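**Student:** The chain contents come next:
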Amino acid sequence: MSAAPQNAAKGAPTVSLLIAETIGREMERDDRVLVMGEDVGGMGGVFHCTRGLQDRFGEWRVRDTPIAEMGFVGMGVGLAMRGYRPVVEIMFADFLAVCLNQIVNEAAKIPYMSGGRIPMPLVIRTAGGSIGSAAQHSQCLWGMMAHWPGLRVVAPSCPADYRGLMAAAIRSDDPVILFEHKSQLNRRSDLFQRSDVGPEGDYLVPIGKASVARKGSDITVVSISAAVEWALEAATEVAKEGISTEVIDLRSLVPLDMETVLISLRKTARLLVIDEDFLSFGMSGEVVARAVEGIGTSGLRAVRRLAMPDVPLPAAKTLEDALIPSSNAIATALRDIAKGA
Amino acid sequence: MIANDPLLQGYALMCRMRAFEEACLKGVPTREIHGELHTGIGQEAIAAGMARHLRQNDAVVSTHRNHLHALAKGVDPRALLAEIFERETGLCRGRGGHMHPFDPCTNFSATGIVGASLPIALGYAYAAAMEGTDDLAIGVTGDGGANHGTFHEVMNMACAWSLPLILLVENNGYGISVRSDAVTAPVPHWRRAAAYGAYGIAADGTDLAAMDAAFADAADHVRSGKGPVILEATCHRFRGHYEGDADTYRPRADRKRMRDEGDPIALIGASLEQGGTRRDVLDALRSDADAEMAALLEQIRLDAQPESSGAHDYVFLERTNA
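Chains L and D, in that order, are what the protein sequence lines are.
Numbering-wise (my numbering), the first sequence opens with residue 38 and increments by one.
Numbering-wise (my numbering), the second sequence opens with residue 365 and increments by one.
Chain D on its own, in the form it takes in the complex (with noise of 0.2 Å):
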């Protein structure tokens, strides 16, 4: 039942989604994961909207809110979360970290710092219109990574040689503390692309429906030549920016209220069921997503931590050819 609806099998993924990240809190008490970490909690709905649109050729570059994007190209679950929790058995050796996952066999990436996402993206863009492909590239950023001079740098160039970018918008209304509105210009992000003559979209990142729908026709839009997409996504992000982030500067009543109106996962679980699937269906794809990560969670803390030896190793790929 759930191959065939593409809605059951986002809701399933979303569970997943919520699962891993649930299961990467459980690192930062431990220390496991002894930096900051930045869950998309909240955020499934979007990243969940993509995946049926990506192929293995696309090229994702994603942000410090990376996981949930990874999860969306395909990126091994348990590599990823061996990297988030600093093992050798991890997606990059434990050299990465959570804010810089790279799988060159899913074309998937992500940088910390913000605003750098973009250019990168670019690069893959160029080189599928360079090939001819209808291949794609997402470069991902938040309202905040928008504001930064690489958007409009590479808004310009995707135009300018009419290549198959989709910039995608997260916008959960906030840079860390700061209000997204307070050092915008009044005009939503997916409206700058009027200004470069490219096609943009809003949607409500919060829908599962109304991503999968942006996607489908934001991909088809590039993947047939006529140039890139802003897409602009709105949502909450239910947790603070990093973990140990008190919040202070959201309302406490704004955050209880976009728990318990704006969850993605129970809006479109509630859809699915008045659709006509049963609540058990949905509790025991919830409940598999839980175990299947509780079960990963418990694999990768058995191994092993890098060697301090290692620490040298990969600053070059090549020995001096001297």
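Here chain L stands alone, though its shape is the one from the complex (with noise of 0.2 Å):
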């Protein structure tokens, strides 16, 4: 297959690897697993996840489809309501939008309208995170899925957590919408800040617990995907300046653990949230609105957010640069909280 072989060659797995793995391994498990989106099948995703599945289990199970978004995702309703376990890929986060009704208003909405009486085993996989690609192949959006009830919505940053939540997601009874990254997916697992794969076989993660991805003192950050590993990079440059950060990475917004992120602030009562979704309206308000519920505003000495600023993501690299909440960004911000700016 077309996947990284100079990767490959040095041994540690890329992380589409991984999820091409953990696929195939549910599909060995669960013959109701099947695989559709395009270019899923004979080229194996254009990210290279669902690479040698079709090889496995035949095109039935692992379908190219037209470019038919619409179409396809309500084919995966249908197929999760005959009692199949779906696993569609939208290959850029931003085509979410070409077909958010079959998410939004059928995946979503079918357990509750009917009562509970019809589970909706579908997940959606989707890649989102800048990479270059400008306003229409950027985007994260996963605060935009989180608004909507019905849906999980659930975001790895580190191998170990693709394999285990991608796993969790296939086995859940409830639709959810799962974000990778994509300047994660081609990456070595060894080149990540936590570079663990996991243990050997069946590998779940609980949907719904956030992970403390570094443990500090000083100031809480609160984050998701790959914006987990720049926050992570920016605590260790800072850290040498005597700033200890706790990095906490949410994993998922539906469910949003925010015991975790509770706990952490009642010991630092600095919030620092960074979201490479959009600023307005999304996770980093949500995040911050209750914090502020949970503790009252007496136990919060700081508040920021740290996230894409309201603007169509530029193509030209010093623009694009401009508004990613970066680690440089990020330790900046740390900065200023450290110094109550």
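Hint data in this document are derived by calculation from the structure and do not stem from the laboratory.
Keep in mind the model is a prediction, meaning the values are calculated, not measured.
Be careful, since some hints might not be right.
To be verified - Simulated DEER-style distance windows between Cβ atoms:
1. VAL679/D - GLU65/L: 30 to 36 Å
2. LYS304/L - GLN420/D: 56 to 62 Å
3. SER588/D - ARG93/L: 28 to 34 Å
4. ASP677/D - GLY377/L: 44 to 50 Å
Quick reminder that beta carbons are idealized off the backbone N, C-alpha and C, glycines included.
Taking the hints as your guide, dock the two standalone chains into a single complex.
**Tutor:** In structure tokens, the structure reads:
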């Protein structure tokens, strides 16, 4: 397959290979698991996350679809209602906009509208994040998906979680939108801050439990997806200046594990939320609001958000860099908070 | 006698469908149905023609105007009526309402979003083809939904993979207030089939015998693995788009003519009578249907509405596995 062979030669698997292995394991375990989407079959996905699956499971279970997102996402909804467990790929998160109705008005609502009589074991995998692809191929959009009741919204940020959360999503009876980050998919696992790939064999990470990616005592950073890695880099940097940062990886927006966040805030009283999704009406505002509701304004000495400004992503690197909450931008924000600025 | 005559059976079912819809109408002024209501009065011959050709494993995915298809698919009328009347005993415990009935036992469902039924029906058709059974799926749309992009996406995929899908277009001539011919390319919907290499069938949706024959043809085609069918049934919607629609966009004379000349129950009744069925037999079936639905209405009106404490139930079916 076209999976980066130079990486394979160096031993450590890429995240996309871990994803393909996980989906393949679930397909072996349960023949109701199906894969469908654009280029997922013969090519194994444009990010290689389904490589080899069509060869192993045939084209009925691993289906290359036409470019017809409304149609094939709705087909996934019908298959889930029939008892299958479809894993549908929306190649770029931006394309969720093309088929939003089937996700938010059908998949998300059918379990409720049916009075609990119809489960919706549908997974929509999609890739978000900035890699220089400009306004229509860079968005994260998990905040939008979390806004609609009825969807589990998950975004792993380290190799082990890509495996464990993917398996949990496929086994869930609720619809799950799983955001992969384009910058992480073809990255070798040993290049991550958290390079552990998890144990051999079946590995599940429960959906809805945040993880403390780094322990610290001065400032709590809350984030999701690749920005957690950027926050870890920033935390390492400012640690040299005596700033102790606790980094919390939410792992999922729905359910949102505020308990883990509040435990940290009771210790630090300083909150920095990092979000690669847009600033307004999204995750960062929600986390701040729940933090205030959870421990009160008097329990917080500093609250700050660093998120994608409400601007369509520009093409030029200089402009893109000016907007992304990079590790440098995060380090600056941490220093400002530490100074009380 | 009725057991041996499919048209007489169809007549009886149409009477029950009409009586069911009339029972629903009683819940509007009382606000027992406190939202909108779309009835299929005038379109009974289509669903009744479909009924005899469906099996339990077949799937039907219908629209906002879905009650008749539900009855044709075998959904329990009591549970359906209770759902429409917003009761905890309803098919969906009062969470779905009249536009969103879901019945896993009969593989029946509907959606209130125009055009959205078709991709879901495609999923059922895909399952049948993958499993190698001769089950089929019917995706229902009106003439309005036939102009939605899903129509093309679904026909394209269904033909690419030769899926057992019947795309049923109930063409009642209007998308709410807009005449279908004012917003639609001047080609009948069934003729679009040719563009996909599918099979197109046109039928008079006010004629039970014609609909019975059309569904026999369509079901035979898809069950034998020959790929999808577009079945267009022309019909009249007797009432407004929804209850409360003043229906001023249709000339009064046209509305009178469709009721006088296009009532599918009167038409098949007259035809059966001509064929030798006694009038009193037909009248008895009609009054039996009225009595059945009146009794159901009386029963479900005694059922409890959902407790307000249950408003959060069923958003997720799985407690977080945290």
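**Student:** Now tell me, hint by hint, if it's right for this structure.
**Tutor:** A quick look at each hint next to the structure:
1. VAL679/D - GLU65/L: 30 to 36 Å: 31 Å, holds
2. LYS304/L - GLN420/D: 56 to 62 Å: 59 Å, holds
3. SER588/D - ARG93/L: 28 to 34 Å: 31 Å, holds
4. ASP677/D - GLY377/L: 44 to 50 Å: 47 Å, holds
In summary, the structure agrees with every hint in the numbered list given earlier.
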